[in-house]
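Following the hints, position chain B against chain A.
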Amino acid sequence: MTMSRAPASSPPHVRNAAYKQLVAQRTRFTITMTLTFLVLYFLLPVLAGYNKPLMAQKVFGNVTFGYVLAFLEFVMGWVMAYIYVVKARTFDRLALEAQQ
Amino acid sequence: MTLLLAAIIVAITLGVTFWASGRNTSASDFYVAGGRISATQNGIAIAGDYMSAASFLGITGLIALNGYDGFMYSVGWFIAYLTVLFIVAEPLRNLGKYTLADMLVYRLKDPKVRFYAALSTITVSTFYMIAQVVGAGSLISLLSGGVLKAEVAIPLVGILMIIYVVVGGMLATTWVQIIKAILLMFATIVMTLFILARFGFSFSELLGQVEARNGVEYLGAGVKYKNPLDLISLCLALVLGTAGLPHILVRFFTVPTAQDARKSVVWAMILIGAFYVMTAFMGNAANVLVGKDRIIEANAAGNMAAPMLAQYLFGGPGTTGGEFGLAFVTAVAFATILAVVAGLTIAASTSFTHDIYNGVMRGGQATEAQQFRVARMATVAVGIVAILLGLLAKNQNVAFLVALAFAIAASANLPVILFTLFWRRFNANGAVWGIVGGLAVTLALIAISPNIMGVDPPEKTTGRHVIQAPAIFPLENPGIISIPAGFALAVLGTLLGRRREEDERSFEEMQYRAYTGAGMDGTVAAHD
Chain A
1 MTMSRAPASS PPHVRNAAYK QLVAQRTRFT ITMTLTFLVL YFLLPVLAGY NKPLMAQKVF
61 GNVTFGYVLA FLEFVMGWVM AYIYVVKART FDRLALEAQQ
Chain B
1 MTLLLAAIIV AITLGVTFWA SGRNTSASDF YVAGGRISAT QNGIAIAGDY MSAASFLGIT
61 GLIALNGYDG FMYSVGWFIA YLTVLFIVAE PLRNLGKYTL ADMLVYRLKD PKVRFYAALS
121 TITVSTFYMI AQVVGAGSLI SLLSGGVLKA EVAIPLVGIL MIIYVVVGGM LATTWVQIIK
181 AILLMFATIV MTLFILARFG FSFSELLGQV EARNGVEYLG AGVKYKNPLD LISLCLALVL
241 GTAGLPHILV RFFTVPTAQD ARKSVVWAMI LIGAFYVMTA FMGNAANVLV GKDRIIEANA
301 AGNMAAPMLA QYLFGGPGTT GGEFGLAFVT AVAFATILAV VAGLTIAAST SFTHDIYNGV
361 MRGGQATEAQ QFRVARMATV AVGIVAILLG LLAKNQNVAF LVALAFAIAA SANLPVILFT
421 LFWRRFNANG AVWGIVGGLA VTLALIAISP NIMGVDPPEK TTGRHVIQAP AIFPLENPGI
481 ISIPAGFALA VLGTLLGRRR EEDERSFEEM QYRAYTGAGM DGTVAAHD
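Here the protein sequences come in this chain order: A and B. Under the working numbering, think of the first position of the first sequence as 1, with each following residue one higher. Under the working numbering, think of the first position of the second sequence as 1, with each following residue one higher.
The following block holds chain A by itself, in its conformation from the complex (with noise of 0.2 Å):
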């Protein structure tokens, strides 16, 4: 079974410049985008909280504010997974050069 699988074929402690890399670049891209996404999210609780009024106020014809918000926050979604996608090319690379 999977437990006696022997150990990955490269020794991890082989540290060449493209891991240090990969680990630099994908930590701080992970905690950038986590924290920012987390921060815009929680615009829509707190606002949807504390300020009823301005998720009341009607933004286009009857679509209020908290429909704007909420729709724009589908719209970050997309568009954070697709920085990722992106992104990840770079990290896939970098994956590949630690390897070699």
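Treat the hints as calculated values from the structure; they're not laboratory data. A few of these clues could be false.
Where chain B lies over chain A, by a calculated footprint (3+ residues, C-beta under 8 Å) [unchecked claim]:
no., region
1, 21-34
2, 40-46
3, 49-62
4, 77-87
With a Cα cut of at most 25 Å, we get these calculated DSS-like pairs of lysine-lysine [to be verified]:
no., chain 1, residue 1, chain 2, residue 2
5, B, Lys292, B, Lys394
6, A, Lys58, B, Lys394
7, B, Lys149, B, Lys224
8, B, Lys112, A, Lys58
9, A, Lys87, B, Lys263
10, B, Lys226, A, Lys52
11, A, Lys52, B, Lys109
12, B, Lys226, B, Lys292
13, A, Lys58, B, Lys224
14, A, Lys87, A, Lys20
15, A, Lys52, B, Lys263
16, B, Lys112, B, Lys224
17, B, Lys112, B, Lys263
Estimated spans, in silico, between C-beta atoms of each pair [said to hold, decoys possible]:
no., chain 1, residue 1, chain 2, residue 2, range
18, B, Lys109, A, Asn16, 22 to 30 Å
19, B, Gly315, A, Leu96, 55 to 63 Å
20, A, Asn16, B, Glu368, 35 to 43 Å
21, A, Gln100, B, Arg424, 19 to 27 Å
22, A, Thr32, B, Ala369, 26 to 34 Å
23, B, Gln365, A, Gln100, 47 to 55 Å
24, B, Arg213, A, Ile31, 55 to 63 Å
25, B, Arg213, A, Tyr50, 38 to 46 Å
26, B, Trp423, A, Leu96, 25 to 33 Å
27, A, Phe60, B, Arg505, 32 to 40 Å
28, A, Val85, B, Leu495, 42 to 50 Å
Even for Gly, the Cβ is constructed at its ideal location relative to N, Cα and C.
Okay, now just chain B, sitting in the frame of chain A:
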């Protein structure tokens, strides 16, 4: 007609199950379909796992009855996928394991961790499952005009799900999930187009009519959630819980590579996002076209809003079109519940067989045939437990059980996953404290919350609080307290535990593998 259509869908999915049974030859096939599901298929299946009865029936109903507040569930459930995409999907796939416990033990090398991680997986899956089984039961009993009572409907759903999983394993479950996700998207898109046509393709016009019927407060926040902390607590559990849900995590082990894991999350985000945007149309249209009173009359929690809306859009009650619409949407909802429950059952029985039976009881020495047999037995056992608990919970509000599952996942699983992946000093003691503590704090807070405690007026008979006393903890969802508590206990346990050099060395090893995928040669099956 409804029951006939539901029967046809069940028959098709059972057919898929028997087809898949011929291709299930190893334990790996059963657990993760041999790691050979494609990224697109897996993405649709993830979306299918996620667009459960709580999403389709529950959110539509919440928006129909409460306006904007219901839509906040949609946003939270969608945004949660960013957490999954950024943090857990690729590293988990790179570690190439079957379960959450595998991944933790790969780093922490302690059988205690395996046992508690499996326990937490089974607990979360079971709570999630009870909600689905209860939902299916009430759907069937409502549709059969009360002929099939919940006492009959719940075991019926339970038995069907056991058949899917025991016979078909993960491959069949994945295909059932895909078929159902496509049917559900189709139904949602058609309904949304009909709604748009009716309101001159203007969301503003639709909202105008919501305002005319219910008042302007339905267009903004605050109809359902008066206490801002309640809302923030719920949103925390939604956005952080998904990354700890076992049946979502197990889906990353069914694809060949980390790139595929990433692609499947992106596919899922496209589908889930489109679906949840449409809930804003469906919920508000159900409010205007069907009306709150009729929706509440059919089911006090609003669960029948979506099927009733379909009935209305296709011609109204009594017309052939209307009855067909009702039947189709209900049948899709039914298939949804079955598929989601099957996915949960796999996650729970895999965790039991792989982690507790093989990993802890047999020291990793069980043969393929033994594991396969135990996996099937565990499925039957999990199914029976879900049926029994479902019968006990048949009068409970299902949304509370789902929110409970999310809160447990966010408090007990997420801190441990994050620390395992990113904290060098983290150790087995911290993992046990995090899992057990997170689980205990969440369950304790739920037990003293308004979900369980409260004083009911004497004339109310259904949905009674279990404990007739004022709630001690004021919030419905414990996330705002239990999630930080889970993180804090994991940190405290780590610091109190012994610092060992080998733990930090295994961090290096794991990180190398998680980031590069080194040592992965294609599928999980290839390692056996």
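Here is how each hint holds up against the structure:
no.: 1; hint: 21-34; result: holds (count 7)
no.: 2; hint: 40-46; result: holds (count 5)
no.: 3; hint: 49-62; result: holds (count 11)
no.: 4; hint: 77-87; result: holds (count 6)
no.: 5; hint: B:Lys292 x B:Lys394; result: 23 Å, holds
no.: 6; hint: A:Lys58 x B:Lys394; result: 41 Å, violated
no.: 7; hint: B:Lys149 x B:Lys224; result: 30 Å, violated
no.: 8; hint: B:Lys112 x A:Lys58; result: 56 Å, violated
no.: 9; hint: A:Lys87 x B:Lys263; result: 13 Å, holds
no.: 10; hint: B:Lys226 x A:Lys52; result: 10 Å, holds
no.: 11; hint: A:Lys52 x B:Lys109; result: 50 Å, violated
no.: 12; hint: B:Lys226 x B:Lys292; result: 20 Å, holds
no.: 13; hint: A:Lys58 x B:Lys224; result: 20 Å, holds
no.: 14; hint: A:Lys87 x A:Lys20; result: 17 Å, holds
no.: 15; hint: A:Lys52 x B:Lys263; result: 38 Å, violated
no.: 16; hint: B:Lys112 x B:Lys224; result: 42 Å, violated
no.: 17; hint: B:Lys112 x B:Lys263; result: 34 Å, violated
no.: 18; hint: B:Lys109 x A:Asn16: 22 to 30 Å; result: 26 Å, holds
no.: 19; hint: B:Gly315 x A:Leu96: 55 to 63 Å; result: 58 Å, holds
no.: 20; hint: A:Asn16 x B:Glu368: 35 to 43 Å; result: 38 Å, holds
no.: 21; hint: A:Gln100 x B:Arg424: 19 to 27 Å; result: 25 Å, holds
no.: 22; hint: A:Thr32 x B:Ala369: 26 to 34 Å; result: 49 Å, violated
no.: 23; hint: B:Gln365 x A:Gln100: 47 to 55 Å; result: 37 Å, violated
no.: 24; hint: B:Arg213 x A:Ile31: 55 to 63 Å; result: 46 Å, violated
no.: 25; hint: B:Arg213 x A:Tyr50: 38 to 46 Å; result: 27 Å, violated
no.: 26; hint: B:Trp423 x A:Leu96: 25 to 33 Å; result: 27 Å, holds
no.: 27; hint: A:Phe60 x B:Arg505: 32 to 40 Å; result: 58 Å, violated
no.: 28; hint: A:Val85 x B:Leu495: 42 to 50 Å; result: 38 Å, violated
The structure does not agree with the numbered hints 6, 7, 8, 11, 15, 16, 17, 22, 23, 24, 25, 27, 28 stated previously, though it agrees with the rest.
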